[in-house]
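> Each chain, letter by letter, is given below.
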Amino acid sequence: MFRLQDVTKTYHRRGEQVVAFQAASLEIAAGDYLAIVGSSGSCKTTLLSMLGGMLSPDAGRVWVDNRSIYECSVPQRAAIRRDKLGFVFQTFNLVPYMSAVENVQVPLYLAGIAPAVQRQRAAELLERVGLEDRLHHKPSELSVGQQQRVALARTLANSPPVILADEPTGNLDPQSRERVLEFFAELHREGRTIVVVTHDAVAANDACRKLTLSDGVIVGVDTDAHKRTVAA
Amino acid sequence: MRLRTIVWKELRERPTAMFTGVLAVMLGVTALVALRHVTVFSEREVGRQLNQLGANILIVPKGASLQDYYSADNNGQTLPEEHVDEILLATLTGVEKLSPKLCVPADIDGQPITLTGILPQSEFEAKAAWQTASMFKQPHVGCQRAHSPPTAEDRSPAALATQRTIEQLNHQDVVFGAEAAARHDVHVGDHVTLLGAPFEVLAILPETGTADDSRVFAHLHRVQDLSDAGSVVSAIEVLGCCEDAAGDLVPQLAKLLPDSRVVTISQVVETQVNVNRLMSGVSILVLVVLVLVGGASVLSTIASNVRERRREIGTLVALGATPRLVSLLFLLKATWLGAIGGLGGAALGVGVAMWLGPRWAGISVLPLYDVAAMAVGAAIGVTLLAAYWPARQAARLDPCICFREV
Amino acid sequence: MQRLAVFLATVALTGSFAQAQDASPARDVQQVLTSAAADGRFTFILFYRDNGPATQAMLATLQQALTDRDDEATLTYVDVNKRGQKPVIDRFGVGRAPMPLTVAVAPNGAVTGVFARSLTEARVADAFATPNMARCMKSMQEGRLVFVCIGLDDGADVPAGVRDFRTDPEFDGRSDVVAFSAYDPAEKDFLDQLKVDPAALRSPVTAFLAPPAVLVGKFGPAATKNEMAAALHAAGKCCDDPNCKHNHGGQQAKPATSARRNSR
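Residue numbers (my numbering), protein chains in the order written: chain E, 1 to 232; chain L, 1 to 406; chain P, 1 to 264.
Keep in mind the hints are simulated off the structure, nothing from the lab. No residue lacks a Cβ here, since even glycine has one placed at the ideal position from N, Cα and C. One or more hints might be untrue.
Said to hold, decoys possible - Straight-line C-alpha distance at most 27 Å; calculated DSS-like pairs for lysine-lysine:
#1 L:62 - L:255
#2 L:97 - L:127
#3 L:97 - L:62
#4 L:9 - L:255
#5 P:225 - P:195
#6 P:86 - L:97
#7 L:9 - E:138
#8 L:127 - P:86
#9 L:127 - L:9
#10 P:218 - P:188
#11 P:218 - P:195
#12 L:127 - P:225
Unchecked claim - Between beta-carbon pairs, the in silico distance windows are:
#13 P:185 - L:171: 43 to 53 Å
#14 E:132 - L:324: 57 to 67 Å
#15 E:128 - L:292: 50 to 60 Å
#16 L:374 - E:6: 37 to 47 Å
#17 E:141 - L:292: 49 to 59 Å
#18 L:206 - P:170: 58 to 68 Å
#19 L:374 - E:61: 24 to 34 Å
#20 P:199 - L:274: 23 to 33 Å
#21 P:195 - L:191: 53 to 63 Å
Generate coordinates for the entire structure from the input sequences, incorporating the hints supplied.
Structure representation (structure tokens):
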């Protein structure tokens with residue numbers, strides 16, 4: 001699904017060029033459930049951003065389904081994100097002035113789906129995450145857990161084969177965290193590829209593989225970490 | 001969900017943030033539309049006056065202003081009526097008709113009204129010989145128009161509205177201006193009492209849009225008698241044969257009647273044209289201010305909106321939005337701001353012009369839809385232009401911000 | 001000494017005005033006019049409101065100017081304050097005119113001069129219009145067109161063009177003909193005014209006049225009705241300014257009758 005080759009990402013700090021992330025080779029197969037772990041500043045999110053086509057590396061290539069995404073045009077990259085990738089954010093990133101159902105409609109709108117279909121599909125997805133009675137609530141009227149579930153429903157709107165999650169359980173209470181992790185497992189069972197950046201050991205342990213970063217370098221890949229994984 | 005839904009919902013969510021942007025645009029458009037309306041209608045009024053009054057010259061007492069004359073407020077200043085004959089006797093080139101007027105305050109059933117004494121042209125028939133008497137002795141140069149008998153149109157009392165003179169007017173007759181007739185509910189054939197004397201309404205003039213609409217006209221000599229004013233007039237309108245002649249007449253009249261003030265309508269109109277020109281210039285200035293102030297305000301509003309919504313933009317990009325769509329989001333918002341400000345400003349501007357026009361400029365103003373549409377278009381154009389840069393910035397925003405806790 | 005002279009002159013003038021007034025107070029001005037007309041004399045009517053210096057000065061000038069013209073002119077006076085004088089005041093339209101005012105009336109009733117406030121002997125002399133000039137004035141004061149046919153012999157012919165014009169239904173009854181010889185010494189002034197030099201005249205000429213006092217044109221014996229109508233049409237214009245309000249419809253292509261209808 002994903003392949004990184006000789007990828008380097010550098011930052012400029014006080015006039016000096018600092019190598020932030022470096023990876024000679026990394027492959028994430030379709031149906032994989034990968035947890036990226038590491039301490040703060042280890043460039044976990046940088047890696048996730050590069051996988052998501054949102055941060056171009058300074059060197060090297062990133063392939064998604066055999067397409068070097070940073071060699072695609074900006075609109076093409078946007079189409080790849082829209083059609084293949086679903087993002088889950090630590091702070092959910094719901095649009096505050098839109099209701100739950102409207103938030104879920106956004107990716108559907110971006111995919112060019114008709115408004116009526118958008119509404120029906122969004123309602124079904126919210127039903128799937130147990131929020132059928134919160135369709136018209138704004139994020140501020142929902143609990144943190146409910147907001148994350150709206151975000152999950154939004155992620156699934158275009159049925160992306162890949163889920164990229166950035167600290168999905170970071171702001172959740174234990175019960176909500178458990179529910180999200182169960183949800184990820186379910187999505188994984190459905191055959192989707194899941195890449196999770198997390199500090200949460202429990203969440204990391206749910207993945208099939210655990211990739212550890214330290215100072216922007218992959219220091220280990222643990223393939224025995226999974227507990228709940230169902231082979232893709 | 002559509003793009004406009006997103007824009008509209010966001011606008012509704014943050015109405016106050018948009019207020020300053022809209023307000024600046026709206027005020028600019030209001031000023032522009034109001035000025036343009038007043039200018040256009042003032043120009044039309046000038047055109048109409050020129051058309052109606054033609055090559056008129058007005059002779060008023062030295063201390064009186066034209067404004068005094070048109071507002072029928074002469075502060076008691078008058079001219080001797082014999083000036084009329086002096087003008088006739090001088091057989092000045094280009095004098096076509098003379099219309100002496102005396103404005104006196106009167107009332108109908110307790111309601112004040114301006115009674116204007118006028119001299120019908122028939123009164124001048126006996127004096128026609130005066131011009132002939134000087135034939136060949138003072139050869140005319142330039143204007144040599146032969147006199148024509150009054151046409152049917154000249155004979156109609158309505159000629160007073162269109163030609164400033166009336167052919168026949170008996171001592172018992174009055175002619176009402178359109179507005180005066182409506183206000184006092186007077187009709188042709190009615191009897192009214194003015195200055196204690198009975199009059200019969202001979203005619204009601206068509207609306208002219210001038211001060212004459214609110215006046216009542218009677219025979220000059222009757223008005224003089226009833227008001228005990230003596231043989232005086234408030235003003236003498238001299239209808240020049242043409243504008244060229246009128247221009248030449250002014251110095252001659254001024255020399256002939258040194259105790260009076262002689263002005264041409266074209267001079268008045270010229271002043272008005274200058275005012276209009278000034279207002280046109282001010283309109284351009286307002287447009288520049290609209291562009292600068294409104295544009296700067298919209299730019300600041302949209303730029304700050306982009307800053308506020310960085311994470312939202314990042315999220316949209318993550319969800320598959322293209323930079324173009326992100327730009328459109330802000331440009332559409334600017335269009336809304338421009339449209340709201342423009343429409344509000346246009347409506348307000350038209351309202352202001354309609355309200356102030358008659359009060360300040362003495363002109364009635366009606367909505368000019370093309371001006372309003374152009375102003376709305378200009379407002380949208382300005383806001384779009386102003387929003388272009390922040391919208392571009394939004395499109396170039398680093399989408400990774402969506403991963404950060406802002 | 002100078003003041004005394006002025007005083008004496010004033011006394012003398014006042015006396016003469018009083019005498020003059022006495023000479024004609026009872027006489028109706030209309031009678032004076034009728035009588036003068038019968039005698040072929042001009043009437044100078046002095047309208048006055050008061051016996052002020054302006055009136056005195058005008059009277060003096062009139063008396064001086066008419067001293068040697070007793071057989072040609074009569075002088076009469078009208079006090080505009082007297083109610084009995086209203087008919088004559090109205091007839092000449094001088095009720096609210098600047099005073100003093102002198103009106104010169106030819107024997108045929110034409111007003112040949114109106115002088116307000118001040119007067120010179122030269123202007124009094126100018127008021128003695130020639131008989132044919134007075135006829136023309138009378139016609140124009142009645143709003144009629146005048147053809148002044150100036151012939152080379154005693155019996156001036158009326159040209160065919162003029163006859164056609166006068167019989168045109170459009171102008172029927174609206175014009176007069178005044179015919180005289182170019183060599184009539186009594187009409188010398190009139191010919192001078194018309195700028196007709198009898199010595200240079202090779203063929204009869206017709207001067208076409210329109211009210212109030214417009215020389216529409218001068219035409220030779222071969223001039224046609226249409227040429228005269230066109231000239232009258234042009235006289236209906238104020239000036240050559242294309243913006244002149246009287247110039248509308250003044251295009252030559254338009255039928256001349258439309259403009260003629262508006263001209264007397």
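> For each hint, tell me whether it holds in the structure or not.
Consistency of the hints with the structure:
{"no.": "1", "hint": "L:62 - L:255", "in the structure": "13 Å, holds"}
{"no.": "2", "hint": "L:97 - L:127", "in the structure": "12 Å, holds"}
{"no.": "3", "hint": "L:97 - L:62", "in the structure": "22 Å, holds"}
{"no.": "4", "hint": "L:9 - L:255", "in the structure": "75 Å, violated"}
{"no.": "5", "hint": "P:225 - P:195", "in the structure": "23 Å, holds"}
{"no.": "6", "hint": "P:86 - L:97", "in the structure": "25 Å, holds"}
{"no.": "7", "hint": "L:9 - E:138", "in the structure": "12 Å, holds"}
{"no.": "8", "hint": "L:127 - P:86", "in the structure": "15 Å, holds"}
{"no.": "9", "hint": "L:127 - L:9", "in the structure": "81 Å, violated"}
{"no.": "10", "hint": "P:218 - P:188", "in the structure": "17 Å, holds"}
{"no.": "11", "hint": "P:218 - P:195", "in the structure": "10 Å, holds"}
{"no.": "12", "hint": "L:127 - P:225", "in the structure": "31 Å, violated"}
{"no.": "13", "hint": "P:185 - L:171: 43 to 53 Å", "in the structure": "50 Å, holds"}
{"no.": "14", "hint": "E:132 - L:324: 57 to 67 Å", "in the structure": "35 Å, violated"}
{"no.": "15", "hint": "E:128 - L:292: 50 to 60 Å", "in the structure": "53 Å, holds"}
{"no.": "16", "hint": "L:374 - E:6: 37 to 47 Å", "in the structure": "59 Å, violated"}
{"no.": "17", "hint": "E:141 - L:292: 49 to 59 Å", "in the structure": "42 Å, violated"}
{"no.": "18", "hint": "L:206 - P:170: 58 to 68 Å", "in the structure": "32 Å, violated"}
{"no.": "19", "hint": "L:374 - E:61: 24 to 34 Å", "in the structure": "54 Å, violated"}
{"no.": "20", "hint": "P:199 - L:274: 23 to 33 Å", "in the structure": "58 Å, violated"}
{"no.": "21", "hint": "P:195 - L:191: 53 to 63 Å", "in the structure": "58 Å, holds"}
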